[in-house]
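Mind docking chain P on chain U? Use the hints.
Those protein sequences? They're chains U and P, same order as listed. My numbering applies: residue 4 is where the first sequence begins, and numbers increase by one. My numbering applies: residue -17 is where the second sequence begins, and numbers increase by one.
Treat the hints with caution; some may be incorrect.
[Claimed, not checked] If you only want the chain P side, here are some residues facing chain U, beta carbon under 10 Å, derived:
#	residue
1	Lys523
2	His550
3	Ser551
4	Arg604
5	Ala617
6	Gly624
7	Pro626
8	Leu676
9	Pro678
10	Gly726
11	Pro728
12	Arg836
13	Trp837
[Unchecked claim] Interface residues of chain U toward chain P, partial, derived using beta-carbon atoms under 10 Å:
#	residue
14	Leu45
15	Glu47
16	Leu51
17	Ser123
18	Asn441
None of these hints come from the bench; they were simulated from the model. No residue lacks a Cβ here, since even glycine has one placed at the ideal position from N, Cα and C.
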Amino acid sequence: MRKQLWIRAGVAGRARAGAIAAIAGASLVLASCDLGVTNPALIEESDLFVPGAVPAIVNGARYTFNNAISQTGAGGVFSVSAALTDELTHVGSWAPPREISDGTPGNESPENQSHWGQSSRARWQAEDAIDKLTTILGDAANSSEWMALAKLYAGFSNRLLGDMFCEAVIDGGELQPHTVFFQRGEEHLTSAIQVAGAAGVDSLRIAAYAARAQVRMMMGDWAGAVADAGQVPTGFRYVQIMSDNSGSEANGVFEWSALIAGQYSPWATPFAEWGTDLSGTLDTEGDPRAPFLFRTEIGGGSPDRPFYFAQKYTSRNDDIALAKGTEMRLIEAEALLRGGNVGDAVAKINEVRDHHDLDDASAANADEAWELLMKERGLELWLEGRRLPDLRRWAADANTRARINTTAWRLGEVARPVYEATPFCLRISTDEIFSNPNLTNNLPT
Amino acid sequence: MSLSMFGAERLRGVRRRWPLALAAAMLALTTGFQPAASQTQTGTITGTVTTQTGEPVVGAQVTVVGTQRGTLTNARGGFIFTGVQAGERQVRVTSIGYRTETQTVQVPAGGTATVQFSLPISAIALDAVVVTGQATATQRREIGTSIAAIDATALEAAPIKSMSQLLQGRAPGVNVLPGGGKSGQGTRIVLRGAASVSQANEPLIYVDGVRIDNSSPLGISTATAGTTWSGLDDINPADIERVEIVRGASAATLYGTEAAAGVIQIFTRRGSEGRAVWNYSGEMGVLDTPFEWWDISEFSPWFYDNMVQRGNLQSHQLSVRGGGEAFNYYAAGSFRDEAGVLPANTEQATSFRLNLGIAPRDNMSLRLNSSFTQRDVRVAPDANNTRGYTINGLVGGPRGQFVETLSLVDIRGIQDGTRFLAGLTLEHQLTDILSHRVTVGTDIWNQDQHQLFPFGAISNLPEGFRSNYRRENRNANVDYNATARLHLTPDVRSTTSAGFQYFHRSTGWSSAIGEDFPFFGLETVSATLRTSGAEGRSEEKMAGFYGEQQVAFRDYLYVTAGLRADGHSAFGADVDFQIYPKVSASYVLSDHVQLPDFLGTLRLRGAYGTAGQQPSNFAAVRTWNTTSAVGAQPAVFPTNLGNPDLRPEVTHERELGFELGLLEDRVHFDVTHYDQRTKDALYAVREPPSQGVLSPQLRNVGEIANEGWEVGVRGLVYERPGFRWNALVNLSTNRNEIISLGGGAPIQLQWLQWMREGYAVGSFFGDRPIAHNGEVGLASQLLCEVGRQPGPGEDACSVGGSAGALPEGWDYIGGPLPTRTLQLGSDFSIGARTTVNFLFDHRAGAFAQSSTMRWLMSPNRNITEGHLQTNRDLGYDINTTPGPVARVCRDALDATNPTEQQQIYAIACSRNSLLTHGDFALPTDFWKLREISVSYRVPEAIPSRFGLGSLTVNLAGRNLWRSTDYIGLEPESMYRNDLSDSALRSQIFFDTPIPRQITLGVRAQF
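Next comes chain U alone, as it looks inside the complex (with noise of 0.2 Å):
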């Protein structure tokens, strides 16, 4: 007994000297275990703070802008805000763009949640670059293209998120009229001006005037608005660059709207009526401007819809024009319309109908010229995301609203009485409403 006591004893000495010193190799290895691990594809933000970073930084605001436009949420916003406005009509079979086009903007499935978010995004990365350059640029800053082109960007997106959007929410911030974007857009783009004009880029300069036209437009500054459109020639175009390179490059309007079981066509739409049918097939009023292709065989996800190939983009690299120089001439136009000039705004018409060697058009009285004005802005900017806001502006104008459904309608089982039951914006997402404190007690609609 005793000598299995200590052979017990001294095996346990043994076990006790094994036991530590493993736990002491294991702890000490642990301890100078290095865990750091590296990741190619992602960069840290500090990276960015440095010259040669200056172009990525403003191309990923053009990037986010596109993704808003024509991207996510079956289409981007220039897609499904076309559905909602009558420009086209949603044949497919995916819900959340039926619900718009419906008439019913939904604000909860995760496409309806992307047009907020990823126009949110544009407008804060585009803000962001602005911030950055500074930093990284300096006083150089003022008289940068790349800052000009931010700054144009901001313009842009603040005018995007205005045109779409029911009200505006700012970097978490409380609930605001939508114009808040305007106001934001409009001080963007008269920084844009100064510095693309330091920096000697007129493109950018003009583009700018363009843009902060369209601002105030839409703010009812038509004073300012003519003024900033009188610095725009006819001709002028600046666009959105889109490349087949890659998706996100894309044109995701040609893609939504014309290609093989695509979700959107111009039937049942006033612009299968005022287009041209290219297939020869319906009897149209031939205008170029909406350009489509009927084709029987060819069925929406929904078998009693037909889709119509919208034709205005014939490929992913076509360009989408963010301002041009006939849009300036219809402001011109409208303005003079507005001021009871009917000849005149006529006139300024048909510069436009010119520019694209049309027949000039023509309006006895004031009634007529407005049909003539609304639907030429319907023609003239097809499915480049104006629709919403020209008819937004004129729902809420007493003098133009009853106007409206002379150029906006829907036939057969699509339609909808469009201006007294279309909200003419897109709703807030739930994401906002959900994530952001200051909205509890102030909800959007």
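Just chain P, lined up with the frame of chain U:
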């Protein structure tokens, strides 16, 4: 240095290969690797193992206690050990369903000792050794937690062709969630309930101590045509010896930071002492689906006649095992070929395994386990695929919903995977007291997925499309454990263990996409006119150290406490390490006090433990990503806000239970109650989108509760000479609830699925038609309390122009995971040669969004006369009439005396537009006859004529019968099984029904 070094230098680390070197050094120093001393005075032990009624026990484990010697009994129950050191030796026999027996024999030098075992039946296996969840191999009686064990060798007759099927319905609380019924389609596994709202709720999986990658990479996604890959199914089930399942945190503590969802440990077969024993098993069979399972649409008859086929399968496995005194081996090769029930859906699987065991000394063993698997799956287009067979054919008929003639649809989706798995385990009994073990393992998994839409084959991509996605994942892990066992007093025994674990994962993937072939016949990305490519690489590291102390009082009371400290590369910069404690107790009451005669074994157990779930890699860092923009110019955009305080979520679990044997332990009750709280739950907090970063940021803010019961009853129901009936009942319940989102807003998982406080994770919410107080109508109308003002968080409502309020929760529909599961099974032994087994499987309480029925029941899914005429003009025999596509709509709208349910369907069928998703969050309860088999062992005289030792013929069926009120195709399927949180994304989208399977097989031993 200290543990505070964990987490330092997040992004740019220096690789060090210390764990392997250190573990090897520690073992080399202590083992010395001397060859075994020559054994000159040896003898032989031989014997047989039978039941108490005299029938041989086949495959029982026989070991010589205190040595590395072990073998399995043969078809006659016999075994033999040669070269056993002469003297007094103990021989132990273990077999599932029988009591472990040990006998002492005197081995004469140069002679033979014979021993006979007659095993008493015992449904309780307290002496069975469990490896998972403890620092070292431990008898079940000593463990205070519930660990499920599956003896795969007892399932040879069961209709099992994959590991997923081996686990399905086998243990309470183990939910195997299949993606659908296509061949090659994988599964997700959830143990108990959802412990996380943001991270994968899937368990860690180890094979012979090597951690495998079971993620579901998005190559050809299920959103287009893909099939979820289940890494688990790369393991050949025929090679499996047993599986241990740790279902909760209390038993998973020693696995640390990634184990909160549980651990599954798979042990493959080993060699055994004796001559080479060859085994061949082969089976051939059919897969099919009855028309009733497809009968949801007016086009179902056409679809069934023209698109649904009878599949077939065959498999062959050849293995050999054997060994000598210090060496054993198991080698196997298998091949399986399967064609599914839809056209162009096939799976071929080939696997090889070599397991070697070496015992250089009596106190040392070395095991090498290795396997190679190749699986090639050709995917049939179904599910949410605009050119899928099911969605087109069942919604639109022969010409499809998009006027695509289905017979011409030609989408080729190929998913090939190869996996090499190797592990080396060295165990050394250093002294009588001290032992240690190291396992070094690697899992290398390559995938090659490619998809081809040939030129002219698909109308929405008329010029064709080609994609290729390749991914390689390499896991490496090193586990070291040292254990000291000693008697503190004659009654008190101590087991002290300590160890460390290191894990490294590196993943790289690349993809190439091409669009538009210039002409017919081309098939590669480089042959297209427009190409793009992408590449990604990431890695993660984890290191943990643990200690465990067990104190045993006599052989009936055991108390265990343990602690693990982990560092992980995904922790925030301000988080150094995470501590996980555990404590448990096991009290074998029946070994302590005299219980009434009707009671047999009674064991009480209780445990508390924690385990973690780490955040995704780089979630802690504020990052931007690169892209090309506006015509291939460089651009950056924000991706992640970053959170330096990010730490793993920690699941705390309390578990109480008992095991009770009745009727002399012939019936075994195993009852467990668990109560889990996941604290610091990682919650993807949505920042206001107006702040610019759209991806939610992980924060440790939430709390989730899981509570439930697991009851297992198994045992001998009836026995008489020549007949035995064993039965099992597995019951589990789960109540899942989000206790807190830390003040955060509800978050949308998808569509109707939300994370809301007070409800199960991922619950469905929405308005829908219901029956209430004898009325049928919309919930928003019937539940509206007219005249009451809405309270905080309540919705306003209006009925007939009168304002009111809807009560909180009016729109709650149900949760996505089952709240109850039940399995009923039996096996019958008839005579000495025939066995019959069956297993019924029941699931209840889970809801799924049925996009299948949303599409079919939508009011605009009406068949027109023109549509029918078009099909007739093309020669299709469509024997239907204009009206709704969905059968339930036709039945409900045509019924003269509609039932309450038909009235509900009638509303759903008439509701305006596709938007009413709430109408289609449907219960998925079902009963299935999961397995049934008949097995007959041919009299030995017959196989012996052909040189065979034994021959068994087996007829088996799987999923032969189902009962469900679900009105779609398949209540079990989940089409988005490719997503990390897919266990919660309960959505069904024209997934193929899981087919019936009937096989005829033979097993021969020679």
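Going through the hints against the structure:
The beta carbon of lysine 523(P) is positioned within 10 Å of a beta carbon in chain U (closest approach about 5 Å), and the interface hint is therefore held. Annotation: interface hint on histidine 550(P) holds; nearest CB of chain U at approximately 7 Å, less than 10 Å. Proximity of serine 551(P) to chain U holds as hinted, the smallest CB-CB distance being about 4 Å (cut-off 10 Å). Given the 10 Å rule on beta carbons, the hint for arginine 604(P) holds: about 5 Å separates it from the nearest Cβ of chain U.
The beta carbon of alanine 617(P) is positioned within 10 Å of a beta carbon in chain U (closest approach about 4 Å), and the interface hint is therefore held. Residue-level restraint check for glycine 624(P) holds (minimum Cβ-Cβ distance to chain U is 8 Å; threshold 10 Å). Hint status for proline 626(P): violated, given a least beta-carbon distance of 12 Å to chain U, over 10 Å. For leucine 676(P), the interface hint holds, since its Cβ comes within 10 Å of a Cβ in chain U; the closest pair sits about 5 Å apart.
Checking proline 678(P) against chain U: minimum C-beta separation of about 9 Å stays under 10 Å; hint holds. A cut of 10 Å between beta carbons decides the hint on glycine 726(P): the least distance to chain U is about 8 Å, and the hint holds. Interface restraint check for proline 728(P): the shortest CB-CB distance to chain U comes to about 6 Å, inside 10 Å, so the restraint holds. For arginine 836(P), the shortest C-beta to C-beta distance to chain U is roughly 8 Å, which falls under 10 Å, so the interface hint holds.
The criterion of a C-beta within 10 Å of any C-beta in chain U is met by tryptophan 837(P), whose closest approach is roughly 8 Å, and the hint holds. Hint status for leucine 45(U) relative to chain P: holds, with the closest Cβ pair at about 4 Å, below 10 Å. The closest approach between the C-beta of glutamate 47(U) and any C-beta of chain P is roughly 6 Å, which is under the 10 Å cut-off, so the hint is satisfied. For leucine 51(U), the shortest C-beta to C-beta distance to chain P is roughly 7 Å, which falls under 10 Å, so the interface hint holds.
Annotation: interface hint on serine 123(U) holds; nearest CB of chain P at approximately 5 Å, less than 10 Å. Contact between asparagine 441(U) and chain P, as hinted, is supported at the beta carbon level, the nearest pair being about 8 Å apart and thus within 10 Å.
Hint 7 alone, counting from the list given before, is not met by this structure.
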